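Sequence order for the protein chains is A and B. Heads up: the first sequence at position 133 corresponds to 161 in our numbering, and the numbers run straight through without jumps. Heads up: the second sequence at position 173 corresponds to 369 in our numbering, and the numbers run straight through without jumps.
Fair warning: there could be bad hints in the mix.
Said to hold, decoys possible - Covered, in the sense of this in silico footprint (three residues per stretch, anywhere, with C-beta under 8 Å from a C-beta of chain B), are these stretches of chain A:
#1 116-128
#2 159-165
#3 183-193
#4 274-286
Said to hold, decoys possible - Under 10 Å between C-beta atoms, here's a sample of chain A residues computed to sit facing chain B:
#5 Ala152
#6 Leu153
#7 Ala156
#8 Ala313
#9 Val391
#10 Ala509
These are calculated hints, taken from the structure and not from any lab test. Note that the coordinates shown come from a computational prediction; the quantities given were computed from them, not determined experimentally. We put the beta carbon where it would ideally sit given N, CA and C, even for glycine.
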Amino acid sequence: MLGPVPLSRRELLGALGAASGSTLLWALGCGGPVRPPSTPARVSGEVRTWLRDAVARLAAAFPAVHVLAVSRQRTTAAVDVLGAGVARARRDGVVLAVRERSGRWREQVTSELTQAGIAAAVRALAGASPRRASLELGEPPPLPPEPAALDDRALRERCEQITRLDGKLSSRIVYAAALVDVDDAHVWSISPAHDREQRLVRVRKQALRAAWNGTRPVVTEAERGWTGGVDDLDLPREAVEQATEDALLLMTPGAFEDKERVVVLDPPLAASLVDAGARALLTSAAARRPEVRRRLEAPPPLPAILAIADDPTAPGAYGGFQFDDEGVPAAPIALVEGGRIAGALADRAAGGSGGRGRRPGHVGAVEPAPSHLRVAPGAAPHAALRDEGLLLEGAIGAAVDPGTGRAVIGAARARELKGGEPTGRVYADVELAGDLFALLGQVSGVARETVALPYRDEAGGEPRWRSVEAPHLRTRGFVRARRRRA
Amino acid sequence: MIGRRELVRALERRRVSDWVVIERAQELALADEARGLERREARTRATLIVHQDVPSGRGTARLELAALEGSAADLVDRALALAAAAVAPSWKSVAPAAPAKVTVLDPALARADLAQAAAAALRGLRRPAGATASASLELLREQVAVQSSAGLTARWTASQLRAEALVAAGDRSLAVAREARRLGDLGLPAALAGAAADLGLSAAAGAPEPGRCALVLTAEAMLHGGGHGVWAPFAAHADAALERRGLTRYRVGAPVAPGADRADEPLGIASDGALDFATGSAPVGEDGDAIRRFPLIERGVCVGVGLSAREAARRGRDPNGGVRNLVVAPGTWDGDAAAAAARRGRAVEVRRLRALSIDPYTGEASLELLLAVDHRGGAARPFTSGAVYLDLVAALARARRSAQLIARGPYLGPAAALIEDAELV
Chain A
29 MLGPVPLSRR ELLGALGAAS GSTLLWALGC GGPVRPPSTP ARVSGEVRTW
79 LRDAVARLAA AFPAVHVLAV SRQRTTAAVD VLGAGVARAR RDGVVLAVRE
129 RSGRWREQVT SELTQAGIAA AVRALAGASP RRASLELGEP PPLPPEPAAL
179 DDRALRERCE QITRLDGKLS SRIVYAAALV DVDDAHVWSI SPAHDREQRL
229 VRVRKQALRA AWNGTRPVVT EAERGWTGGV DDLDLPREAV EQATEDALLL
279 MTPGAFEDKE RVVVLDPPLA ASLVDAGARA LLTSAAARRP EVRRRLEAPP
329 PLPAILAIAD DPTAPGAYGG FQFDDEGVPA APIALVEGGR IAGALADRAA
379 GGSGGRGRRP GHVGAVEPAP SHLRVAPGAA PHAALRDEGL LLEGAIGAAV
429 DPGTGRAVIG AARARELKGG EPTGRVYADV ELAGDLFALL GQVSGVARET
479 VALPYRDEAG GEPRWRSVEA PHLRTRGFVR ARRRRA
Chain B
197 MIGRRELVRA LERRRVSDWV VIERAQELAL ADEARGLERR EARTRATLIV
247 HQDVPSGRGT ARLELAALEG SAADLVDRAL ALAAAAVAPS WKSVAPAAPA
297 KVTVLDPALA RADLAQAAAA ALRGLRRPAG ATASASLELL REQVAVQSSA
347 GLTARWTASQ LRAEALVAAG DRSLAVAREA RRLGDLGLPA ALAGAAADLG
397 LSAAAGAPEP GRCALVLTAE AMLHGGGHGV WAPFAAHADA ALERRGLTRY
447 RVGAPVAPGA DRADEPLGIA SDGALDFATG SAPVGEDGDA IRRFPLIERG
497 VCVGVGLSAR EAARRGRDPN GGVRNLVVAP GTWDGDAAAA AARRGRAVEV
547 RRLRALSIDP YTGEASLELL LAVDHRGGAA RPFTSGAVYL DLVAALARAR
597 RSAQLIARGP YLGPAAALIE DAELV
């Protein structure tokens, strides 16, 4: 697997013809008016009727029933040196989940969000019996507000606005692009005990820069994501210009000595560490491994200044939701609190109350996963953390091995710090390695300013959305240069 | 639901210059022991590719459809609007070639109830003694139909399998994953047994001793993460569009790395999308072009690239379906790590990786070791952790390759490779 390149970059280069991997995006350029998705707004009530009927029929045959349906549309607009483009993709799906009296779960999934498609899926699970359980679901929930539809021209204009933000573009930038990516998902969750509906419009805006540094391309990006309207937030000018400056930064030749050092992680790196750690160790799926159970039974003490929670209710969070894909209403879960591990992310399969059962694209197989991880801010400004050691910037992937808890976090650059000031030495392509709990246990500073970062990856061709809000963190760990001779 | 025939009729009515319609009717079943879950899914996916010739060139649009509602005529109009707004220099599609003759369906799954087959396979799975193993198995069967304006019509049925398992012994565990076209090719019993053996080895594993060494990559390490594993840069760099733009190190006619053409056992790699039961095989590619076997590297020199229809037209060649399964030529090395240590003074035999990250632009990689054996002075000492950084393109171009072959997923090639000079950190 070609690991360190973020998916968004592949998508972007693919969409613009610089790579052959573009499959989701339709094509470049379309000035036609947008056609609103017909299913969600127009026939929401109709879909509910079909789903309630499915639940009634399944509840007559099985002790536990849950039906989840989604109508999803993705719109991606991109502008780069070659031109502009807008792509649209569409996906519907229905998941019927039942528990048999033996305790075994069965799921029937169909891509047909139609009366006939749902009825066929019900027959596959429950047979042709006409029996229906009586449901006391009451009035349906109010219809979620319809997001403003933007036509292709308007989306291209939003991309061009991002491009115009940058006053620091120079001829050394060999590639520059802007992206607006909107995932609009209308989700229904119905069981004999609840009837819920949500509209999640997840927006990402991104600026990408590439420049050559010696024999290597340096690719940087600025990104922001949220749930809400396309125009609710913008990429800050400073973030876009910082991406340009980072791409143009000249690196110090040679490498530094590999050793344990004090390091300050910038928010993307801190977010990357927390995200990889939570997914590898703090889920009910991870707890199936004996090593993870053992580590969590007697975890080392963590500093009291470190508090981490997963909060899907955070306003506007890219990974947020009103209910998870098992229909459980959103509520925050404390993961690290008061100097100890305080909780884990679970789905209902784990036997508890769940709350983080998430399906890729709302239709894939359920898995426990984070929504919006938050590292609580500290009291000090981030500049106050930069006294000695290295400032690590630019996350290029983090991996945490659930078996050993070992973490490796790649950073695009390391800036040397002395006496609270950068020395001017900047090293490319380094990594921080160590035991996750040791890295977290040695956190000695948490900045008060936080940055929220969106994550969108795919499993089995379906998207997974989450976000992490993190400040600068100061810790201690083994830092080494990645480039060696073979 | 819009069907393929409706789409074809709409395309013919609108006189589209060139088009391809690919329809996939898929059935999936998942059996998961840990979750006590049986999952069945039925879905239809369609791909519509249109090329519209206009005086200023050729416009192309590609639509991926997973929700087929509305009218076929509207969909074609939308595709034509997209194509008209994305006109590139003109090129002509070549006449369709015959689909590759390749078998991609497990006969045992041709008519089977997939959920029952998955459950039965897990029930009959041989588990290693002294360890527990919980597994999940996903089976996919798809009927694919391809039709093009040039007269190509192809239909086939394919199976695709993915198994994952967690093997635990005492307070240690290892995760394994396998992909194949046939149940028999998954090799899950052997994978579980190998994991159980490595769990035993890891119980005695110590800390790594940094330093220079010869590096032996065993199959599990070499193909870490599935797919092409450490060989992935060769597939990525042989993309014709990237190569034409100069975005890769790969240059047709030049050694893949300095000195690669003068190595003792010069590297040879071919792409073979017509390999029976390999996971990258298919009769026809994603653009409706016939898939062919073609060489990528011969005696250390880059000789071929994956050609889409457009790239093939630009180069006056026939499309080949792109890089699919990698077939790496075997070497003459006997795969003996201890003997390699005797020659070099030290050899580190990498049994499993914890993480493999590869820079797609350069082929530079970071290999995080999960379990390895340090062969030195006639002794073999297992250890865990440590890392190795490699320029994979250069290292593998000069590596010695085992004579023994393995076939796994989209890879057919040596079961092990010996990199003579590396540094363990």
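Taking the hints in turn, this is what the structure says about them:
1. By the rule of at least three residues with a Cβ nearer than 8 Å to a Cβ of chain B, the coverage given for the segment 116-128 of chain A holds, with 5 such residues.
2. Interface restraint, the segment 159-165 of chain A with chain B: violated (0 residues with C-beta to C-beta distance below 8 Å; minimum three).
3. Here the segment 183-193 of chain A counts 0 residues with a CB under 8 Å from a CB of chain B, which misses the bar of 3, and the coverage is violated.
4. For the segment 274-286 of chain A, the assignment as covered by chain B is violated, since 1 residues bring a beta-carbon within under 8 Å of that chain's beta-carbons and 3 are needed.
5. With a least beta-carbon distance of about 7 Å to chain B, the hint placing Ala152/A at the interface is held under the 10 Å criterion.
6. For Leu153/A, the interface hint holds, since its Cβ comes within 10 Å of a Cβ in chain B; the closest pair sits about 9 Å apart.
7. Nearest Cβ of chain B to the Cβ of Ala156/A: about 17 Å, over the 10 Å cut. The hint is violated.
8. Nearest Cβ of chain B to the Cβ of Ala313/A: about 8 Å, under the 10 Å cut. The hint holds.
9. Look at Val391/A: its Cβ gets to within about 8 Å of chain B, closer than 10 Å, so that hint holds up.
10. Here the hint on Ala509/A is kept, as its CB sits about 8 Å from the closest CB of chain B, short of 10 Å.
The earlier numbered hints that this structure contradicts are 2, 3, 4, 7.
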